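Novice: The lines below spell out each chain.
There are 2 protein chains.
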Amino acid sequence: MEPGPPGCSRPAEPGPRLRRLCGADQEASVALLSRARAEAELQRCVPAVAAVLPAGGSGERMGVPTPKQFCPILDRPLISYTLQALERVCWIKDIVVAVTRENMETMKGIIQRYQHQRISLVEAGVTRHRSIFSGLKALAQDQPDSQLSKPEVVIIHDAVRPFVEEDVLLKVVTAAKEHGAAGAIRPLVSTVICPSADGCLDQSLERARHRASEMPQAFLFDVIYEAYQQCSDYDLEFGTECLHLALKYCHIKAKLVEGSPDLWKVTYKRDLYAAESIIKERISQQICMVMDTKEDEELVGHRLEEMLKNEFSHVKVTSGALGHTGRDLQQIILEQCYNFVCVNVGAYEFEETQKLLDVLKESDLSILYPVVVISDEQKLQDSLRQGATIIATLIKERNSGLVGQLLVA
Amino acid sequence: MEPGPPGCSRPAEPGPRLRRLCGADQEASVALLSRARAEAELQRCVPAVAAVLPAGGSGERMGVPTPKQFCPILDRPLISYTLQALERVCWIKDIVVAVTRENMETMKGIIQRYQHQRISLVEAGVTRHRSIFSGLKALAQDQPDSQLSKPEVVIIHDAVRPFVEEDVLLKVVTAAKEHGAAGAIRPLVSTVICPSADGCLDQSLERARHRASEMPQAFLFDVIYEAYQQCSDYDLEFGTECLHLALKYCHIKAKLVEGSPDLWKVTYKRDLYAAESIIKERISQQICMVMDTKEDEELVGHRLEEMLKNEFSHVKVTSGALGHTGRDLQQIILEQCYNFVCVNVGAYEFEETQKLLDVLKESDLSILYPVVVISDEQKLQDSLRQGATIIATLIKERNSGLVGQLLVA
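In the order they appear, the protein sequences are chains A and B. At position 263 of the first sequence the residue is numbered 263 (the working numbering), and the sequence of numbers has no breaks. At position 142 of the second sequence the residue is numbered 142 (the working numbering), and the sequence of numbers has no breaks.
Among the clues, some could well be false.
Pairs count within a copy or across copies, as identical chains cannot be separated in the list.
[Unchecked claim] Derived DSSO-like pairs: lysine-lysine, alpha-carbon spacing no greater than 30 Å straight-line:
1) 309 with 396
2) 269 with 280
3) 316 with 150
4) 265 with 396
5) 280 with 265
6) 248 with 137
7) 150 with 137
8) 316 with 269
9) 269 with 309
10) 150 with 93
11) 280 with 309
12) 269 with 396
13) 280 with 396
14) 280 with 108
15) 108 with 150
16) 177 with 253
17) 171 with 150
18) 269 with 294
19) 137 with 108
20) 93 with 265
Source of the hints: derived by calculation from the structure; they are not laboratory data. Remember, predicted model here, so these are calculated numbers, not experimental data.
Let's have the full structure, built from the sequences with the hints guiding it.
Specialist: Have a look at this one:
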């Protein structure tokens, strides 16, 4: 198979991708639009932006041995989703990730496997602040032989906040350029209290007057680098809040930007569950149903399409692909839809379907390929309804245990 | 079918139950142990305890029209899980739920459908504090004709925290009896900051010195009722924190009790996803595999059991049930296991399996009953492995769209 156009390279496992799924043409035009908009923004406000991701944590709150940034979601490590979210933003020139020495090889493997770009690795420190400082030092070097160049603005983000959107990144960068520092905030979910030494309530804070400080944050590079250079060992050991350093050492009052709920940080095991569900939902919006014949497409395909289009944003029906020369299959693969459903009508002609499965499996696309047989022509309407339920189930659950099963509606 | 013993009544939909799943004998002995322990506790510290659940919220943060306490998780409203968690605690005598007038019928329907007990309904006020006050008033009446009696200690909990455990309830009740008030706390996940009027950073709080105030909380009834009677309209309109009222109006410094991560509040849509995954995990721990013959049980059943027991805490194999007189089926149903898998070996004898499905469907137990056929005797080991994968998938995903499907390993 021909590789895609440059800049559209596809990761080995398309299933868990976060990027909006679309056909090649659409993709190109979206990319162009996004680039045009981004270039306008660049000229206006963001001459040179880099990002630093501290990823040296051990994830002790998760209660699992794997550090949370490396926990798999649909078989792909959490940090890879976060990198993907940053990579989509073309005006972020460099992404510096700080990982511990023992995870360096793991991280290199992730970058290679998921074809991440513009990533530099540095060794993490023993605390969050020390890891960020490592990343900043790498950006500050600005040596002729260094791949990195000193940015005007640096974004600091968490490896475990995979759902960050371009919109909020642009807001914090723009605000940082104006104010020197900026950070995303969210309303408090719980009241914050201050316990006394004996574990009793001393004071409860007025919830409406306070906010949770979230990520991303952005800084004029010179401001935050100066702050880190000046700050005490105590700060580096026990502090966690970059905005606080900018205030304390550079007297910069950060601009606070209201963020959306999806900025949340994967902290506990339940957050992994939530992240998985969100990712599943995002990549389950497109279905391509492949029918045996034009007649089946007319008789069954379009009625199934009707039933399914309330639940999915894109439902497409094609036919004739199974009497294949390789070219028809090639065409299907080029659709770039990650949810294929073969629908056989009336007969268990599993052999042809099996051939399609085999070809899809051999391609490097790892496309999902559940199979549904609408068998009961006597009660077509009921069968169709059950078929639609099965299709929706397969697409949404996305469980490889059922791949290739002959499901009968 | 005979109803279960008193106190062990089963809700219409066993799937989403949180109670530990166990056989009838185990259940009885657990119940006895739990009762004995609870009675000892009662004498020591909890003479009369009631709970108040404000459930009048509109759930605007969820971004869905249904108030979050009524959002379905595996087809069952969230609040029903929370009620179940409180009901399990036998020393909580009354549970007063405050719901808005328009949701009163919905709530009555939920209580009936899931056979909730010890529940009284009161009309919610327009704010959280007013709803709690309604609940307290109902408990304070203590009229001869009232079903409720004034408790010594009252627990206040949220309808949207379904995973509360008896352990933390007992801790707050015990602490409230000693200190007058007590509440669960958790470490802060994010730094809390105080924005200035122009939306810039004024001050960031030291994260280690502060805590998030969570639920449950407990109070000597007289303390919290006094506080609500004295508090201002402003408090009732804009306040949210009961511990604060006890401090302000009764000078009671609440004892703060460290809670576990599962006390978290379902606030955003992602929390519903997380809750669903947690509930699925809890109710997917037991499998009962039903085989056609004793030979199949020996040949296939016990090998599947081996493969599955790493993933599930309870795997059981039975056979012979499909040559049924009704008595065999009765026996299977009495196992009280919610995950049945029929395993046919070598042949597609779907008819017998279908009979079992029908009987299970007709019983009021709504048991799940995926079906697996181990068909390929040539490559038994491979088939078994694939069969185990399919079984694990079905049990864990728990999607009714696949019920009754003939799945071939």
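Novice: Compare the structure with each hint and give your call.
Specialist: Results for each hint:
1. 309 with 396: This pair counts as both: shortest intra-copy Cα distance 14 Å, inter-copy 27 Å.
2. 269 with 280: Both ways: residue 269 and residue 280 sit 17 Å apart in one copy and 14 Å across, limit 30 Å.
3. 316 with 150: Classified as neither: same-chain Cα gap 47 Å, cross-chain 63 Å, threshold 30 Å.
4. 265 with 396: both (24 Å within a copy, 26 Å between copies)
5. 280 with 265: both (18 Å within a copy, 23 Å between copies)
6. 248 with 137: within (20 Å within a copy, 50 Å between copies)
7. 150 with 137: For residue 150 and residue 137, only the intra-copy Cα distance (10 Å) is at most 30 Å; the inter-copy one is 65 Å.
8. 316 with 269: between (36 Å within a copy, 28 Å between copies)
9. 269 with 309: Answer is between; shortest inter-copy Cα gap is 22 Å, intra-copy 33 Å.
10. 150 with 93: within (10 Å within a copy, 66 Å between copies)
11. 280 with 309: both (17 Å within a copy, 27 Å between copies)
12. 269 with 396: both (21 Å within a copy, 17 Å between copies)
13. 280 with 396: both (7 Å within a copy, 16 Å between copies)
14. 280 with 108: Answer is within; shortest intra-copy Cα gap is 26 Å, inter-copy 35 Å.
15. 108 with 150: Classified as within: same-chain Cα gap 23 Å, cross-chain 64 Å, threshold 30 Å.
16. 177 with 253: within (13 Å within a copy, 46 Å between copies)
17. 171 with 150: For residue 171 and residue 150, the Cα distance is within 30 Å only inside one copy (21 Å; across copies 54 Å).
18. 269 with 294: neither (48 Å within a copy, 41 Å between copies)
19. 137 with 108: Cα proximity of residue 137 and residue 108: one copy only (20 Å, versus 63 Å across).
20. 93 with 265: within (24 Å within a copy, 39 Å between copies)
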